[in-house]
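**Q** Take a look at the letters that make up each chain.
There are 2 protein chains.
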Amino acid sequence: MPSYTAPVNDIQFVLHALLKASAQDIPGYDELEADFTAAVLEEAGKIAGNVLAPLNAVGDAEGCVLENGVVRTPSGFKDAFEQMKQGGWTALDCDPEYGGQGMPVLLGTAVGELFSGANQAFTMYQGLTHGAYSAIHAHGSDAQKAKWLPKMVSCDWTGTMNLTEPHCGTDLGLMRTKAVLQEDGSYRISGQKIFISAGDHDMSENVVHLVLAKIPGGPDGIKGVSLFIVPKFLVDDEGNIGARNGVSVGKLEEKMGIHGNSTCVMNYDEAEGYLLGQEHKGMRAMFTMMNEARLGVAMQGMAQAEAAYQNAVIYAKDRLQGRAVTGAENPDGPADPLIVHPDIRRNLLDQKSFIEGARAFMLWGAYLLDKSHRSGDAEAEGLISLLTPVLKGFLTDKGLDMTVQAQQVYGGHGYIEEWGMSQFVRDARITQIYEGANGVQALDLVGRKLAADGGKHVMGFFELVKGFIKENEGDEALKKDFLEPLKSASKDLQAAGMFFMQNGMKNPNAALAGSYDFMHLFGHVCLGLMWAQMAKAATEALASGEGDASFYETKLATGRYYMARQLPATKMHLARIESGAAPVMDLAAEAF
Amino acid sequence: MPSYTAPVNDIQFVLHALLKASAQDIPGYDELEADFTAAVLEEAGKIAGNVLAPLNAVGDAEGCVLENGVVRTPSGFKDAFEQMKQGGWTALDCDPEYGGQGMPVLLGTAVGELFSGANQAFTMYQGLTHGAYSAIHAHGSDAQKAKWLPKMVSCDWTGTMNLTEPHCGTDLGLMRTKAVLQEDGSYRISGQKIFISAGDHDMSENVVHLVLAKIPGGPDGIKGVSLFIVPKFLVDDEGNIGARNGVSVGKLEEKMGIHGNSTCVMNYDEAEGYLLGQEHKGMRAMFTMMNEARLGVAMQGMAQAEAAYQNAVIYAKDRLQGRAVTGAENPDGPADPLIVHPDIRRNLLDQKSFIEGARAFMLWGAYLLDKSHRSGDAEAEGLISLLTPVLKGFLTDKGLDMTVQAQQVYGGHGYIEEWGMSQFVRDARITQIYEGANGVQALDLVGRKLAADGGKHVMGFFELVKGFIKENEGDEALKKDFLEPLKSASKDLQAAGMFFMQNGMKNPNAALAGSYDFMHLFGHVCLGLMWAQMAKAATEALASGEGDASFYETKLATGRYYMARQLPATKMHLARIESGAAPVMDLAAEAF
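Chains A and U are the protein sequences, given in the same order.
Under full-length UniProt numbering, the first sequence has 467 at position 467, and the numbering climbs by one with no breaks.
Under full-length UniProt numbering, the second sequence has 164 at position 164, and the numbering climbs by one with no breaks.
Since the hints were made in silico from the structure, they are not lab data.
Each residue gets a CB set at the ideal place from its N, CA and C atoms; glycine is no exception.
Any given hint might turn out to be false.
[As the list claims (entries may be wrong)] Covered by chain U, per the in silico footprint, the following chain A stretches (three or more residues, Cβ under 8 Å):
| id | region |
| --- | --- |
| 1 | 157-170 |
| 2 | 431-443 |
| 3 | 573-580 |
Using the sequences provided together with the hints, build the complete structure.
**A** Pasting the structure below:
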């Protein structure tokens, strides 16, 4: 069975050597001293490794079961959930006014990686609750907040997001679920929602569904969608749980992975619901949380890659097979460990260099979110809006690839469920799909974010890269191994943007045909930037003579690998983009 | 549930327009007239679509069950197997002397794609039998051939290959299974073998295991390995089935996919076995069939991609979501079909252009095998030996990627098992692992095949590419869209080979660190060559005015897509290769 060890040192490096968190002028960041975050991560790491990871395979094998309309979670989930609640982990980055601990998203994301890496299906129950919490926190009336949030912060009540219907996912304007206003100001919600993660289960007293629905008579399409709070059990004004509401589980889906999470078909049959935010402004309400939710999915993708990588390394050091081409390295044994073989190292370094770069990118994203929300920094908000589809699309696509590579290290054993490597692949796969399929992320990036505010934010990003390169090109080692490859990759990204500008006006397909490659090109440049910045931080740490020199040397070597062997992908993506619309649009639909 | 339609026209195009099969001077190829192969493919296609495809999901859901030492296959498998036997499909490319139909590997591979695409797990029972048949055919005594082959050709008895043991897969020199000579000339085999596909089941009267084992006192390591025939039931000289042999199923493995195939732990407890070929030459005996077996796995990878693609296209035309950016294309409907969106087309064209190129490459490989075996052409044998790891590694890696992309077209529905797209991914995944994990293919390519016979075969490949380009550069359209990209990609491949020559002598790690990228680079050049050749064939067909012009136009457009949007990957692989050994070898094992 796979194990999980919290990568505390790597996270600490990003929080403190890279982002210098506690020195940032953002409300709440002064609390993020290295000792404090280390203690939090160590504690969270214990739960992740000792409580959640052992339940990961259990959840996969048992799955959830629907019996007499009630969903039963896998053995051990309920106890583990209780431990999460008791430890206050569900409240970490929630508002203290409702019982939260008020920590920044940065720390919440860092801790979230540990829980999600150890057990994605389990951690989703709390993750969905946090999403619903954020929506009510942002758009609820004071009375709504007072009524729903405290129990959601504690996860006594969990939450869900209900968007998709059988005939529409991406295109929510086609939605059929109806909400009819009642005399008392509440609504009656009727319709069917599918793919509702954590839709029902046996770990909480109540489930608070956030449901998108149309109020009859409103505008057509997406502009007529409103958001409602629809609890499983009605709650009176004193907060007591009352009668069962008209919402039920129609079915549990059999999925490729995340079996431990209950993915429900939810049927609403004149269920009582309460408008959240304004009439017909449901999509806007959803969108305000989208950056955070998508960052969370990006985190899941990289977290599964990290978990899979850890186990691939253990196996590569343990399994004896063949001899090093340069002479036996384990001469007393029957063979050398796999890790002596160059191609196994290539495989592992693809993983390692991606994961550490992705973690830096993700935590930088969390920092930008905090800067935008806590300091009201419009530039940070613009930048994170631009980067969100890149984070979500690139980290989850590569996350899947890396779990596949980790599985490959095991040879045939990787294909056997007992070893657990298959689960990492199957669980990671969903991250490319939910919270906006990655093709939709690419469309959001190229069709919307790139040109937002006159292209200001992408220009800001290029300035940031250019500035960093200029500032540091005095360091010869940094220049050769990091800054020059970064400069070249960044030029590819600029050229791609230029191609879109020159061709996309005349023919939007010329830009959209390259959107997916642009998302990946952008992702590589971001990881290149992260690695260049981390290399600088590691170089400085080495020069200071403090800390563990071998840790920093490893960081530099891993970074050099990324720059030399991953970043060249930008040229390929640029070539694809520059081939334009014709190769993609030439064929008639019938010719496929 | 997914459907499957035999891509007869595409296969016919490769067999006749590209390979001009019936005009080739290879024994047996004169029978391969277009009408004949079309009739065979149509018939096979009916079985694939109507019999095997409907059982694919059944096999996945039910899996195999081990009860009282006996393996039960999924519902319907037994009847379907009977139909395959009755139709003579198991005998298609077997020796007529033993009841086969004597067809070339080329046609066997073309038909194999249909069966495997429709139901990989099912088709493996016959595929493994064919592998064991080939080994006995190549290395058995006349008596052995007479005794075992006829029943294996008819699949009344099926076969298996027993190589892997719990502690060794790639490194078979570590093998522990023993074979002790008896007075009657037979051996007693004892040991445990794992990952034995089709190891036991209820569809045949007998199972003929081919088992690698060591005869005590023989040479150490891989040079002391011999190959044995070990039947489940002993067979007397008249061919009657007798007593149960000392071989039993220890366990059925729970796998990520191919649930319909019984993957067994086989326990040999003084089982009676018969030496096949010479003592201690077991590996050589296995290797003679390896090119064909690996071509078969390459076929499985591309076949799963084809099956997944077909369903992705159906969904993309059917599912209404969003509007074309250039204006509604289905104005009377609530939304446009997915296929109007550039990124969906990009996704589908990645698949289509890979699959059709891969099919041509695979069938060219089968043609080279026939040329080598039937005409004794040493050049063809050298070339297919070189290309075999490329076929196996590249087609299965890309095959998996393409099933993932096909699944992505379905959005959330792709993740739900009911839709069947997950199964394509999970089944395809094994092809990267078995019959030599893809990292081992890359090692074989760079460590052995590249320099074989003084590099003669790789030089021959380059000459072939160069010759084709030179011959055809008078055609301006071909030159710009196909020959120039091919020339550039081929130069990248040559540069990579040169890098290995210049650096690999001093430091073999400099070559092996780039082996995986070289395999992919080589794969792209091969598909580039196939597309250039197919473009020429399509252009000629169009000029002739015969046949379906839109078919040929589509072929050209699909080829242009590959050249413009896939082939640029060669630059990235070359850059990775040229970064050499240091990035890969720098880190100490402890630093991972």
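**Q** Please name the hints from earlier in the document that this structure breaks, with their numbers sorted from lowest to highest.
**A** As far as the earlier hints go, not one is violated by this structure.
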